[in-house]
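Chain U is already provided as a structure; the job is to place chains W, A and R with the ligands on it using the hints.
Chain by chain, the residues:
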Amino acid sequence: MHEWALAEAIISAVSDVAEREKLREVNSVVVVIGELQQVDRNILRFAIEQLKQGKLAGAKFIIRTERAVFTCRACGYKWPFRGTNLPEEVREIIHFIPETSHAYVRCPACGSPDFDLSGGRGVWIASVRGEG
Amino acid sequence: MHEWALAEAIISAVSDVAEREKLREVNSVVVVIGELQQVDRNILRFAIEQLKQGKLAGAKFIIRTERAVFTCRACGYKWPFRGTNLPEEVREIIHFIPETSHAYVRCPACGSPDFDLSGGRGVWIASVRGEG
Amino acid sequence: MSGKGGVGKSLIATTMALLLARDKFRVGLFDVDFTSPTTHVVLNAGGLKPIEEKGIVPPEVYGLKYMSLAFYLGGRALPLRGQELTNILLETLAYTIWGKLDALIVDMPPGISDLMLDMLKYVRRAEYLIVTTPSKMAFETVRKLIMLLKDLGAPVLGVIENMRFSDTEHIKREVETLGERYLGGIGYDMRLEESLGRLDNLLNTRFAAEVGAILRKIVYLKT
Amino acid sequence: MSGKGGVGKSLIATTMALLLARDKFRVGLFDVDFTSPTTHVVLNAGGLKPIEEKGIVPPEVYGLKYMSLAFYLGGRALPLRGQELTNILLETLAYTIWGKLDALIVDMPPGISDLMLDMLKYVRRAEYLIVTTPSKMAFETVRKLIMLLKDLGAPVLGVIENMRFSDTEHIKREVETLGERYLGGIGYDMRLEESLGRLDNLLNTRFAAEVGAILRKIVYLKT
Ligand SMILES: Nc1ncnc2c1ncn2[C@@H]1O[C@H](COP(=O)(O)OP(=O)(O)O)[C@@H](O)[C@H]1O
Ligand SMILES: Nc1ncnc2c1ncn2[C@@H]1O[C@H](COP(=O)(O)OP(=O)(O)O)[C@@H](O)[C@H]1O
Ligand SMILES: [Mg+2]
Ligand SMILES: [Mg+2]
Ligand SMILES: [Mg+2]
Ligand SMILES: [Mg+2]
Ligand code: NI
Ligand code: NI
Ligand SMILES: [Zn+2]
Ligand SMILES: [Zn+2]
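First to last, the protein sequences are chains U, W, A and R. Be aware that the first sequence starts at 18, since it is given in the numbering used here, and climbs by one per residue. Be aware that the second sequence starts at 18, since it is given in the numbering used here, and climbs by one per residue. Be aware that the third sequence starts at 185, since it is given in the numbering used here, and climbs by one per residue. Be aware that the fourth sequence starts at 185, since it is given in the numbering used here, and climbs by one per residue.
Fair warning: there could be bad hints in the mix.
[As the list claims (entries may be wrong)] List time: in silico DMTMM-like cross-link candidates among lysine to aspartate or glutamate, alpha-carbon distance up to 25 Å:
1. R:Lys238 with U:Glu83
2. A:Lys305 with A:Asp286
3. R:Lys406 with R:Glu394
4. A:Lys238 with W:Glu109
5. A:Lys401 with A:Asp373
6. R:Lys305 with R:Glu275
7. A:Lys233 with W:Glu52
8. R:Lys233 with U:Glu20
9. A:Lys208 with A:Glu394
10. A:Lys238 with W:Glu52
11. A:Lys233 with W:Asp57
12. A:Lys356 with R:Asp373
13. A:Lys238 with W:Glu66
14. A:Lys305 with U:Asp133
15. R:Lys238 with U:Glu106
16. W:Lys77 with W:Glu20
17. R:Lys320 with A:Asp373
18. A:Lys320 with A:Glu360
19. R:Lys356 with A:Asp373
20. R:Lys406 with R:Glu364
21. U:Lys77 with U:Asp57
22. R:Lys305 with W:Asp133
23. R:Lys406 with R:Asp335
[Said to hold, decoys possible] Quick list of the computed label-pair ranges, beta carbon to beta carbon:
24. A:Thr361 with W:Leu103: 53 to 63 Å
25. A:His354 with U:Gly93: 41 to 51 Å
26. W:Arg84 with U:Ile60: 51 to 61 Å
27. U:Lys95 with A:Thr361: 34 to 44 Å
28. R:Glu237 with W:Arg138: 45 to 55 Å
29. W:Leu103 with A:Glu244: 27 to 37 Å
30. R:Phe349 with A:Thr361: 30 to 40 Å
31. R:Tyr306 with A:Tyr404: 47 to 57 Å
32. U:Pro125 with W:Gly139: 32 to 42 Å
33. W:Arg138 with A:Arg382: 38 to 48 Å
34. A:Ile281 with U:Asn102: 43 to 53 Å
35. A:Tyr306 with W:Gly75: 39 to 49 Å
36. W:Ser29 with U:Val34: 53 to 63 Å
[What the hints assert, rightly or not] Some chain U residues flagged as far from chain R (calculated, every beta-carbon gap over 10 Å):
37. Val34
38. Lys39
39. Arg41
40. Glu52
These are computed hints drawn from the structure, not numbers from a lab. Even for Gly, the Cβ is constructed at its ideal location relative to N, Cα and C.
Same shape as in the complex, but just chain U:
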């Protein structure tokens, strides 16, 4: 991902919200990033700090992660991507093309390769707080 472009997009979206909600000042913003989304959180945080200004200058940006979850289609068992014991190289591949997990992951309960991987993708703004 292009963290600087992403930071710009976040700042601009938050400014729009502040405008719409007629906020004088923004206090805090929660940004959620799917854990499979390839974003360097440190670069993103740094870029946001550099870019924020005007009504947003004093806002605290909180970056949360949405977890990705596997759900077995054969037995219904659910388990977190995070908890899966995979080599770093494989995690990167799955970050990149999540469906490749079907080559590497099996349901811990029944051994099936037939599961859904849901959540963990996309970037969005969950909340904007401030003074009106």
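Leaving out everything else, chains W, A and R with the ligands in the frame of chain U:
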């Protein structure tokens, strides 16, 4: 479908509801049948009339049909199965295995064979009315 | 099954079913390659119609009970998405009245996708017969499929090497290295094409004789 | 594409891409047979790794830009349901940086299913090259596919008849009856197998010469 077995199942399900809801007498029952479900409505009606007894003896059975609808995955257009101009033989095949419609039907708006066929399957009891 | 297309799955499945039926076994053949069925070409049975009566009664061809979507398509293509393949499999499994059978032979599509996952999920008693050719391009996929089925603990009957042109042993060695049974080779048979759709001719080809030898081995192993 | 497996789609697609690259065209090859990719066997390129940098930069093989899931699977099987095939297609189309190309050759899986429907839906500029063999069993499916594509108004470049053993004209006649262009035949080439993975050898086979003749015809028709 085995209309007599289906009638028995409907009567028994309605009796259970009457029991649970503590009804002295059942006045009317609405049964919904998907239009793709292969049920001879006349045989079913006849079978129900023959089998109903006890609390159900005086109940009026109303049989409704749930329509099947196509939704195009390419352009989003929706249209009813009912309205499709198909030879009787093909309608029977689609009744039997609804997915075979992909060989015979095209989206009227964009010509695509890539559509969903939803609704129109299954049999269920929509309501039971009576005196408690 | 194979994972790979064009290795002879359909022809071998159909020939095995015919040979079993000739030997008076009660056998069914179910073409599950819903978007591209071909067994009706071998059986010359595309024009048959199953009887519908409290379910689908599969027509008999040469003594075997036969079910294919080709009956319903009048030569048309049937483009289907994965979920629809699953729906059809479950519907046809539920409605088809096979009766008592000694064996139901299921002809699978290529690919490692919905129908294979559904067989693993829903048809727990299935046993898998794998077909490859001597070519690297076929065995690339077949190797992966074997590894997957072993990994999942699915019962593999063994591997057939079809369309052999020469006497190489590399596939046999590869199969045995993977810990599976090499059931035998079948030569490329130039006379096969003209026998498609003519069952008496087909059962007299060298191909059918070689399929028969492998079939006896499988039946022997299972009894 | 073909609908049918094992007719030579992957080998023809790869050979065409190599021939175009040798003639200095800017060409990409994308293996979309996600559950059973094979073009890396022809190119001997399974061990390559694409560079990831604001997207996937496909590695170059013999002058062509090449993308396959085989890069990511370390020889493992990748069982996938239809919706997942669609997801991968859209993700890889979005992330792969092909740059300026004269042609992107897409190697399709067999079957008339999710990926074919997705190509029709999302890749509107695609043109379809169809491969069959002389066999009734292959042409059964290919006929249906041609009829479907015509019905949908999809642009068909023509039909190639691969793995010919004799000089029959029945496929040519069938194709022309369907109103499509018969682009030519390719003989069964016994030396092909040993050339898989050896690009210089491959481009010197009779097979490659015949693919080249058909390719020139296609390029000529398009200009
Ligand atoms: N042993 C063989 N000798 C000659 N041709 C064969 C042989 N086995 C299969 N074929 C031919 O190969 C093609 C593919 O066979 P098919 O059974 O359709 O494969 P699959 O079901 O694996 O796609 C068909 O044209 C078939 O007639
Ligand atoms: N003209 C030919 N002569 C000999 N073998 C061929 C020829 N074309 C294809 N093959 C072989 O046939 C098999 C199937 O080819 P492949 O390209 O994998 O088909 P598909 O992609 O349609 O499944 C491979 O083993 C390939 O090497
Ligand atoms: Mg087949
Ligand atoms: Mg079928
Ligand atoms: Mg291929
Ligand atoms: Mg691939
Ligand atoms: Ni980045
Ligand atoms: Ni009935
Ligand atoms: Zn499970
Ligand atoms: Zn449409």
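(request) Report the numbers of all earlier hints that the structure fails to satisfy, in ascending order. (result) none
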